[in-house]
Amino acid sequence: MFKKYSIAAGAALAVGLAGIVAPAVAKVEGDTIVIGSSLSFTGKYSTNGFHTQKGYDFAVKRINDTGGVKVGGKSYKIKVVYYDDESTPSRASQLTERLVNQDGVKFMLGPYSSSMTKAVAPVTEKYKVPMVEAEGASRSLFTQGYRYIFAVLSTSEFYLAPVLDLIAERTKKDGYKSVSDLRIAMAFENDPFSLDVRAGVVDTAKKHGMKIVIDDKLPADLSDMSATLTKFKALKPDILLVSGHSKGAATAARQFEEMKINTRYVSITHCESAKVHVKFPKSANGLLCPTQWLTNLPNSEPIFGNAQKYDADFKKAYPEYKTGIPYQTTQASAAVLVWKDAFERANSFDTEKVRDAISATDMNTFYGPIKFSEAGNNIAKPMFYRQIQPDGSYTNIVSHKDMTVPRKVSY
Amino acid sequence: MLDNLQLLFVYAPVMNVQMILDGIFIGAVFALAAYGLALVWGVMNVKNLAQGDFVIMGGYVAFTAHNIGIHPVLALPIIAIVMFLYGLVVYQLVIKRVIDNDMFVSLLATFGLSLFMQQVMNLIYGPEVQTVDSHMYIMTMFDDFVTVPTVKIVSLGLAAFFATVIVIFMTRSRMGQAIRATAQDARAARVLGIDTNKVYMFTFGLNSAICGIAGVLVSMIWVLQPFYGIVYALRTFAIVTAAGLGNLPGVITMSFILGWVEQYAGIVAGAEYQIAAAVFVLIGVLSWRQVQMRRQRQVVR
Chain A
174 MFKKYSIAAG
184 AALAVGLAGI
194 VAPAVAKVEG
204 DTIVIGSSLS
214 FTGKYSTNGF
224 HTQKGYDFAV
234 KRINDTGGVK
244 VGGKSYKIKV
254 VYYDDESTPS
264 RASQLTERLV
274 NQDGVKFMLG
284 PYSSSMTKAV
294 APVTEKYKVP
304 MVEAEGASRS
314 LFTQGYRYIF
324 AVLSTSEFYL
334 APVLDLIAER
344 TKKDGYKSVS
354 DLRIAMAFEN
364 DPFSLDVRAG
374 VVDTAKKHGM
384 KIVIDDKLPA
394 DLSDMSATLT
404 KFKALKPDIL
414 LVSGHSKGAA
424 TAARQFEEMK
434 INTRYVSITH
444 CESAKVHVKF
454 PKSANGLLCP
464 TQWLTNLPNS
474 EPIFGNAQKY
484 DADFKKAYPE
494 YKTGIPYQTT
504 QASAAVLVWK
514 DAFERANSFD
524 TEKVRDAISA
534 TDMNTFYGPI
544 KFSEAGNNIA
554 KPMFYRQIQP
564 DGSYTNIVSH
574 KDMTVPRKVS
584 Y
Chain B
90 MLDNLQLLFV
100 YAPVMNVQMI
110 LDGIFIGAVF
120 ALAAYGLALV
130 WGVMNVKNLA
140 QGDFVIMGGY
150 VAFTAHNIGI
160 HPVLALPIIA
170 IVMFLYGLVV
180 YQLVIKRVID
190 NDMFVSLLAT
200 FGLSLFMQQV
210 MNLIYGPEVQ
220 TVDSHMYIMT
230 MFDDFVTVPT
240 VKIVSLGLAA
250 FFATVIVIFM
260 TRSRMGQAIR
270 ATAQDARAAR
280 VLGIDTNKVY
290 MFTFGLNSAI
300 CGIAGVLVSM
310 IWVLQPFYGI
320 VYALRTFAIV
330 TAAGLGNLPG
340 VITMSFILGW
350 VEQYAGIVAG
360 AEYQIAAAVF
370 VLIGVLSWRQ
380 VQMRRQRQVV
390 R
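Heads up: the sequence lines are chains A and B, in that order. If you count by our numbering, then the first sequence holds residues 174 to 584, one letter each, in order. If you count by our numbering, then the second sequence holds residues 90 to 390, one letter each, in order.
Treat the hints as calculated values from the structure; they're not laboratory data. A virtual CB, placed ideally from N, CA and C, is assigned to each residue, including glycine. Hints may be right or wrong, so weigh each one.
Said to hold, decoys possible - Anything over 12 Å on all C-beta distances counts as not near chain A; from chain B, calculated:
#1 159
#2 182
#3 189
#4 197
#5 216
#6 218
#7 250
#8 264
#9 283
#10 294
#11 311
#12 362
#13 372
Said to hold, decoys possible - For each label pair, taking beta carbons as the anchor points, the in silico distance ranges come out as:
#14 565/A to 100/B: 35 to 43 Å
#15 451/A to 102/B: 33 to 41 Å
#16 102/B to 215/A: 44 to 52 Å
#17 94/B to 572/A: 54 to 62 Å
#18 228/B to 409/A: 53 to 61 Å
#19 92/B to 375/A: 49 to 57 Å
#20 228/B to 320/A: 55 to 63 Å
#21 232/B to 565/A: 23 to 31 Å
#22 517/A to 224/B: 55 to 63 Å
#23 186/B to 489/A: 52 to 60 Å
#24 102/B to 565/A: 52 to 60 Å
#25 276/B to 451/A: 32 to 40 Å
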């Protein structure tokens with residue numbers, strides 16, 4: 174009996190010791206660089222958690238297969254250690270502590286969503302562990318003075334604001350006297366991401382002198398925006414902007430159809446992930462959808478070639494994505510490319526040197542150019558737009574001439 | 090706020106038609122779920138925090154039926170039966186064990202049940218928003234300004250139909266009488282030979298079936314997501330608390346009031362106050378009751 178306890182105590186002690194000793198060595202094991210990430214594999218973010226993981230894995234495999242990461246004349250392989258954060262911010266920060274303290278990880282890839290990244294960033298900051306993240310777009314991540322967080326994607330204030338620039342360019346063509354005749358209605362979810370989107374829109378509208386006539390903030394758990402749309406029908410604005418993740422997009426598309434909303438310009442975030450073109454083909458027609466990535470981007474690079482080639486190769490590796498790759502996946506792959514590039518330029522595994530190398534990143538990828546501001550967000554890549562066509566396909570909007578205006582809706 | 094009022098009553102008074110109609114349609118769906126809650130609360134003194142998740146589950150059953158090609162309205166009887174059986178199982182596994190304990194045990198148990206149901210639905214259907222297309226015509230009035238989807242009228246009809254059926258059932262059938270007797274005094278009912286355990290089980294199953302029907306309507310009108318149950322739980326609690334237990338006309342009136350208040354609050358004060366308005370109504374009713382009941386309050390010495 175006593176013996177049994179002593180074995181248990183010994184085991185516990187050994188585990189505890191391992192926990193204390195491990196950090197110093199585990200960041201690079203032999204010829205493998207270990208990068209940690211807490212991702213959502215269960216809970217409400219699980220779909221996009223898996224999209225992100227596949228993006229990381231695909232890039233890691235490609236880099237390992239094409240010669241790995243060359244540091245100090247030696248070639249290293251990358252390995253990513255994942256934990257499931259259950260879509261809970263507090264769990265994500267616990268797991269990040271664990272990755273750093275117990276597993277000794279010194280390099281991080283980001284979690285999925287702004288709220289998870291917000292929970293993780295203070296931890297990586299505390300331990301001075303650099304993190305390249307691909308899924309946290311909230312502007313507020315880059316106003317805290319964090320030094321160790323870098324994001325490859327365009328931040329949230331650029332999701333809908335550029336639509337106004339596109340529309341402003343074609344005011345005359347569409348029969349308006351001046352840009353200031355345009356009136357905007359907006360309905361944004363009351364969460365950090367959508368409020369950032371809103372801030373960008375408000376600034377741009379002011380710049381063009383457009384008038385905001387409806388400015389509603391939808392509660393996070395509101396599945397009904399008919400009151401806002403009723404007001405919309407009474408005021409008849411020219412532009413309608415909605416942001417509320419995929420549930421907001423689905424609610425909006427459903428109620429557009431129900432209330433026969435027929436506005437000239439409509440732009441919604443997350444229309445692809447909500448699959449509005451499949452579920453509500455009538456009201457989805459002509460919607461302008463922001464995206465982080467397009468398959469016809471011209472940039473080329475040595476690892477993936479270009480966007481078109483990435484698209485083809487990824488679909489070959491993961492046939493379940495043959496209808497289209499979510500941008501969440503492509504930006505995850507881009508984050509891994511940033512790590513490879515930074516290691517090679519730093520030519521060291523010292524976290525400070527690697528951090529400075531990431532900060533100095535200026536590269537071209539299949540995902541678009543990547544160059545970080547002082548705050549850590551990518552300032553080189555713009556947001557792109559696509560418009561849903563009557564047959565449910567998406568066309569790329571490069572300039573305002575590509576837009577079909579007004580939307581040809583028939584309810 | 091002032092210009093919203095102006096818009097409502099001066100520039101576009103037709104808006105009111107749309108809002109009153111929408112309020113009625115929303116209220117009808119709330120009334121169903123709220124009546125189920127009032128039933129369980131009144132008869133068994135269990136405050137079912139998982140009420141909203143039963144509604145969402147009903148919606149997902151309708152979604153499944155839709156996927157295999159059965160129109161949700163036609164599948165309603167089957168969905169009601171499936172949900173009834175599910176209610177019986179939940180009763181046997183969970184509710185039966187907490188019924189005689191104090192309030193907090195039942196709150197904790199049903200809260201746990203709510204989390205469990207959310208996660209299971211999330212595992213099966215995924216976290217994406219799902220919708221069921223009813224393929225029904227959308228009517229328009231006032232030059233397309235007011236739109237009334239047929240599916241909402243059908244929902245209103247169904248809600249009215251089921252409410253009538255439940256009232257007749259409660260007053261005429263043997264089981265309905267037993268339920269009411271148990272609600273009045275469980276001990277006396279037991280003395281008079283009513284198997285209260287069976288009554289409780291049936292009541293919970295009935296509540297689950299009513300929620301299922303509400304869920305079908307939700308799936309055709311709004312959107313489904315595994316974590317949306319709380320929206321319906323919150324509103325049904327507000328309705329039942331304000332209306333009082335066992336007061337069906339009260340529950341229905343309160344549901345319509347809530348539907349209207351939400352619509353008007355959404356227009357006048359902005360969408361962010363829509364759900365807050367529901368809670369304000371609850372506070373208003375409770376304060377008013379407090380004043381009203383003051384005369385009858387007695388102190389036991």
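Outcome of the hint check:
The beta carbon of residue 159/B sits about 18 Å from the closest Cβ of chain A, which is more than 12 Å, so the claim that it is off the interface holds. No beta-carbon of chain A comes within 12 Å of the beta-carbon of residue 182/B; the shortest separation is about 23 Å. Listed as outside the interface, residue 189/B is consistent with that label: its C-beta sits roughly 34 Å from the nearest C-beta of chain A, beyond the 12 Å cut-off. With a least CB separation of 20 Å from chain A, residue 197/B remains clear of the 12 Å interface cut-off, as annotated.
At the 12 Å boundary, the C-beta of residue 216/B falls inside the reach of chain A, the nearest C-beta of that chain being 4 Å off. With a cut of 12 Å on Cβ distances, residue 218/B falls inside the contact zone with chain A, its closest approach being about 4 Å. Its beta-carbon lying about 23 Å from the closest one in chain A, residue 250/B satisfies the requirement of being farther than 12 Å from that chain. For residue 264/B, the shortest C-beta to C-beta distance to chain A comes to about 35 Å, beyond the 12 Å cut-off, and the non-interface label holds.
No Cβ of chain A approaches the Cβ of residue 283/B within 12 Å, the least distance being about 40 Å, so the stated non-interface status holds. Remark: the non-interface label on residue 294/B is consistent with the geometry, its nearest Cβ contact in chain A lying 27 Å away (cut-off 12 Å). The non-interface label for residue 311/B is inconsistent with chain A: the shortest C-beta to C-beta separation is roughly 4 Å, within 12 Å. With a cut of 12 Å on Cβ distances, residue 362/B falls inside the contact zone with chain A, its closest approach being about 9 Å.
Non-interface call for residue 372/B relative to chain A: holds, since the shortest CB-CB distance, roughly 18 Å, exceeds 12 Å. Distance hint for residue 565/A and residue 100/B: a CB-CB separation of about 37 Å, consistent with the stated range 35 to 43 Å. Separation of residue 451/A from residue 102/B is about 38 Å and conforms to the stated range, judged on CB atoms against 33 to 41 Å. For residue 102/B and residue 215/A, the Cβ-Cβ distance of about 50 Å falls inside the hinted range of 44 to 52 Å, so the restraint holds.
For the hinted restraint 54 to 62 Å between residue 94/B and residue 572/A, the CB-CB distance of approximately 42 Å leaves it violated. Under the hint 53 to 61 Å, the C-beta atoms of residue 228/B and residue 409/A, about 21 Å apart, miss the expected range. With their beta carbons about 19 Å apart, residue 92/B and residue 375/A fall outside the hinted range of 49 to 57 Å. Between residue 228/B and residue 320/A, the C-beta spacing of about 60 Å keeps the proposed range 55 to 63 Å intact.
Taking the beta carbon of each, residue 232/B and residue 565/A are about 30 Å apart, inside 23 to 31 Å as hinted. With their beta carbons about 57 Å apart, residue 517/A and residue 224/B fall inside the hinted range of 55 to 63 Å. Range check, residue 186/B to residue 489/A: about 54 Å between beta-carbon atoms, so the 52 to 60 Å window is met. For the pair residue 102/B and residue 565/A, the supplied restraint of 52 to 60 Å is violated, since their beta-carbon distance comes to about 39 Å.
Checked against the given bound of 32 to 40 Å, the beta carbons of residue 276/B and residue 451/A, roughly 57 Å apart, lie outside it.
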